[in-house]
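Asker: Residue numbers (this note's numbering), protein chains in the order written: chain A, 1 to 236; chain B, 1 to 236; chain C, 1 to 236; chain D, 1 to 236; chain E, 1 to 236; chain F, 1 to 236.
Hint data in this document are derived by calculation from the structure and do not stem from the laboratory.
Please note: incorrect hints may appear among the correct ones.
Stretch by stretch, here's where chain E covers chain B in the computed footprint (C-beta under 8 Å, at least three residues) [said to hold, decoys possible]:
1) 24–30
2) 46–56
3) 151–161
Beta carbons are placed, not taken as given, at the ideal position from N, Cα and C, and that holds for glycine.
There are 6 protein chains.
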Amino acid sequence: MNPDTRQKLMGVSTATLCTALFKRGLVHQFIQDVRPLNPSLPNMVGEAYTLRYMPAREDLNTIEVFKNREHPQRKAVEECPPGAVFVIDSRKDARAASAGGILVSRLMKRGVAGIVSDGGFRDSPDIAKMPFPVYHQRPAAPTNLTIHQAIDINVPIGCGDAPVFPGDVVVGDGEGVVVIPAHLADEVAAEAAEMTAFEDFVQERVMAGQSILGLYPPTDEANRVAFEAWRKAKGR
Amino acid sequence: MNPDTRQKLMGVSTATLCTALFKRGLVHQFIQDVRPLNPSLPNMVGEAYTLRYMPAREDLNTIEVFKNREHPQRKAVEECPPGAVFVIDSRKDARAASAGGILVSRLMKRGVAGIVSDGGFRDSPDIAKMPFPVYHQRPAAPTNLTIHQAIDINVPIGCGDAPVFPGDVVVGDGEGVVVIPAHLADEVAAEAAEMTAFEDFVQERVMAGQSILGLYPPTDEANRVAFEAWRKAKGR
Amino acid sequence: MNPDTRQKLMGVSTATLCTALFKRGLVHQFIQDVRPLNPSLPNMVGEAYTLRYMPAREDLNTIEVFKNREHPQRKAVEECPPGAVFVIDSRKDARAASAGGILVSRLMKRGVAGIVSDGGFRDSPDIAKMPFPVYHQRPAAPTNLTIHQAIDINVPIGCGDAPVFPGDVVVGDGEGVVVIPAHLADEVAAEAAEMTAFEDFVQERVMAGQSILGLYPPTDEANRVAFEAWRKAKGR
Amino acid sequence: MNPDTRQKLMGVSTATLCTALFKRGLVHQFIQDVRPLNPSLPNMVGEAYTLRYMPAREDLNTIEVFKNREHPQRKAVEECPPGAVFVIDSRKDARAASAGGILVSRLMKRGVAGIVSDGGFRDSPDIAKMPFPVYHQRPAAPTNLTIHQAIDINVPIGCGDAPVFPGDVVVGDGEGVVVIPAHLADEVAAEAAEMTAFEDFVQERVMAGQSILGLYPPTDEANRVAFEAWRKAKGR
Amino acid sequence: MNPDTRQKLMGVSTATLCTALFKRGLVHQFIQDVRPLNPSLPNMVGEAYTLRYMPAREDLNTIEVFKNREHPQRKAVEECPPGAVFVIDSRKDARAASAGGILVSRLMKRGVAGIVSDGGFRDSPDIAKMPFPVYHQRPAAPTNLTIHQAIDINVPIGCGDAPVFPGDVVVGDGEGVVVIPAHLADEVAAEAAEMTAFEDFVQERVMAGQSILGLYPPTDEANRVAFEAWRKAKGR
Amino acid sequence: MNPDTRQKLMGVSTATLCTALFKRGLVHQFIQDVRPLNPSLPNMVGEAYTLRYMPAREDLNTIEVFKNREHPQRKAVEECPPGAVFVIDSRKDARAASAGGILVSRLMKRGVAGIVSDGGFRDSPDIAKMPFPVYHQRPAAPTNLTIHQAIDINVPIGCGDAPVFPGDVVVGDGEGVVVIPAHLADEVAAEAAEMTAFEDFVQERVMAGQSILGLYPPTDEANRVAFEAWRKAKGR
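For reference, chain A alone in the conformation it holds in the complex (with noise of 0.2 Å):
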């Protein structure tokens, strides 16, 4: 990603960047029902990589499964490249964990930008103290043997009803998650920065006491005068 593309990122929120993919037609990229565990942290940014599970077999999900190194969970866990986003098609069905703090404490160490399910984690209050951020539905401890199987790894997924690429830049804030088409990441990161200084001003003049009409859209005039004003005053 470019890192100018990260750094606008950081400093926006998944509010605005959904406006900003509203207005390319793009209505269902923020994942549904997912919550951070720990809301204190800054911004998750990164580029997706997925992981799919479906629906267990038990004879397929017995405990002696993760033995095997090249288990799709254990091998996607060590392989994710740094700076990624994990992002687990859980189903939206959060009965059973998708994953838990050992894991999650894994990818942190190597060093994974943050974590994504539409399902549950386990050892959901440790994880809540890492200063890693990991969004959910729910905690669930039961293992993730006892509903889900591990079968696809950086294949197109679904995460919380919104469309996920490999690749595809995933954005959190302490509201939730949102998913950029690769090829828009650049143009809409920006678009976001200028959306985010605006609404910054126009947050500052409603706070003074004005009214949105005339300054949220600035169809007045003199409001657009005072924005640039203010843009040179803050040196944004």
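We have chain A already, so just place chains B, C, D, E and F on it with the hints.
Answerer: Using the frame of chain A, we list chains B, C, D, E and F on its own:
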């Protein structure tokens, strides 16, 4: 609203209010499945001012529509009376936002008492830090245009399966939000204040080790006597 | 309960217990979709004492019914043994409360170990401040009479899709609640304590940068040796 | 059951019965989300005989358990009184069967009046061909042991969110199933029979082109007179 | 409505209409999760006339309210124009009826084109026998007063997550119901009629054994030629 | 597939197959919440050929994409082997179609054994008239492009929460669809055929008035003897 009623409602819980309404045969007045973004605030109390969303049709909900000062969402934000609670019927759909941080800030600055949506808000981490009561289902980064179209201002609506008429008295606490029909507000507030005194007495007795039998409800005369003494002692 | 078993269960996670149960073919023992109101407490451990709710019929659930000292909800609150966990089958319905702050306080004062409902509690902000483990789905201000009728005490029930028999050993942590069949409690506690030692070792190794391959599970002999040395060093 | 009451209930609809119950403040007596497998049969009428399922624990629900003649499911099937309606609390879970064609056949042969489950039946294509009223949510081929354990016979239960007490009068038609509290059966049946006569009159008038205003309800005196004349003419 | 448009819409499927709308960027016009009570009827075509329900408040929804000739439900039934489709916003809640057999009969007799609710109808077995198109989610015996209050006539509503404006053209077939924005009705009807001719040709070719590749869509010139010949031969 | 196995599977029910799988510890093989569009057909039997959908991204799913002969949906329809069952992972989402009448016709003409989707089909009234087994959740008129993107052919998938591997043996009847792991197909078919003989005997005895106790299961020796005699008499 009667200032005495407002004051009483600042000091009672939504749980106690629900019981007072239950005694009057009203069992659907608690807004289901909403929670405060900032749970540490005092009660929210005000008369309902409503906004109704319908499902968005794409051609009527481009990003350009907000340039229209008569757009119902923006109009409502500027016209909601100070002291009122802004209640949004989002059809329990949190896939996109009901509103975001800027509009919430504007309502706060305009002296509105609080906001409730049975959908979700964007910029939720920012809203959670405001000294302003806002309730929703879950965070939702996508712009409201994605699935919601603001269509009616200050009409009777549903919110979280509760009926809400403009002017109904809306009360929120750390637990959730209850809607008191306008004509019952004074008597329900008065009764709830009385009930709260009794519940505080009971809670004190229970923490001192007394059984609930005969105490809650006070079928033992001795407990009724003790309560009267307690009231005198406490000046309540 | 065996005091040694209780002590072990105070020191293991529900995640580890679920894995021990999974190895025994039991995959539905985690109570789905409940969470602690106060997530900062030590583990909750105790034998299950149950209360079953059925849907309320209006004529049998007026506010007057609590005047009857034999009302099953009130009776259960006074009869649940100290040290037990009070488990309520609320049919996963949180539209009205399973109980409120006063009954929860009474159970706490009576020495009960904790409470679980697959519905919701009222007075949840107060309960969340108590040094007492309570788990539910979400807050619910309306009185239980609105939709629940207490009908049976200490019978086998379902709670969050888990089977719960009176006397089963119930363990809660910051993640959720698991139900251990009574006859398995000792062996599962012992196995989980062993597993916890190993997981602590693994976590330490992972945080030191080691790969999970060959370590988790320990298919490399070297890791088994290292673990034995670690145990000796740590006295575990 | 009073034979006259039974006869009246054979000739009225669940819709009319729900209205009679609504007038008495009972609004949860319709079993939600169940449908007849064979919608062409006459009404089902009988007193409730209940079976309660809880979530299955795997070690207690092997295929061997049915060898036990005291197994509650099999016992209930042999003991349900002729003329009764067999009502099963399946916790609204149709992922596995509540029962199958053989048990349904046995109940039919034993003279039971019908069966209702808020889960599903297996062998549903066969059951749909029987001259015997059976209601469920949707077909479910897996054996009940998969997720259900029969635990209690003839206790108060919930079925499709309706409260069902043994002895309540259960009525099914092509639309669904309603539960009449035992003590109200005679008066509700009588009232519903009267209402049915009036509704038949109204339907006839509407099909003849009359407006519903003043007719339904009959606020115009002329329509009350016409109804009396119609009753005489029809002998109802 | 243009008679030619109406005639075209009588001969096309909701599936084809959805594709024509999809091409125009409209993807939420199919009313989700409703089905015809009588699936053997010709298409339903008419302009939308709407009724909005909100959650019922008990004191405003006693059985007496229907004595008021101005009650919105009854008023709407008498005022809906012949040829229109009566569309009800029941908030996707089928726990109680949107209406019953008598009101449905009145609408039929008044020449209304059909009825759609995203809730349920009572007297559904009777309605299913009428030569009149009615669509709902599932049968619901309880009177609408139980959970619904009619509040607005002929305003924009949601129905099954689709936006419905008064005057939109509503088309139903054996599959479901689609809502065509008023200003697009003529062009969408024309395009759908053309598409239907082509699909009939394709279906004939496929049944004759031809591959869909190059045929559907007709990327092979030969298939375009064959289609033109087919049209001439068939006079379409 | 072994022709003898296929023949046996044509004569047994999905309910019986589920029990045979349950005995082997496989409890998730029934595809949840799908039903036959035409319930009057013989069993569907074939090996699974799969298609995986992911959530649609708008820019990749314009109406133009079908011009590409390599589009996975169209390719799969032309390549699915005769005799196979075409199984689609639609993520249980029926808001848009999995396919329509023309593709279904093409699969039928190509000799495919049947189709299953856990979403919905468009042109469902036409499909319901075909002599071809098709199973889905509910009708869905919108084109699949609206929410589905075909992404993978013949990979392991989930369908209605069941695991499906290419080559698994899929059986459908009037009740639903079950997935038999490939390596178990012969033995499960044989066992199910035996069980069916016994169940037919039991059903005959039950219809003749015999109790199920001692008969089902046949814990009475006399019933085992009677069954052997019955088999000889029937030649089964």
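Asker: Check each numbered hint from earlier against the structure, then list the numbers of those it violates in ascending order.
Answerer: none
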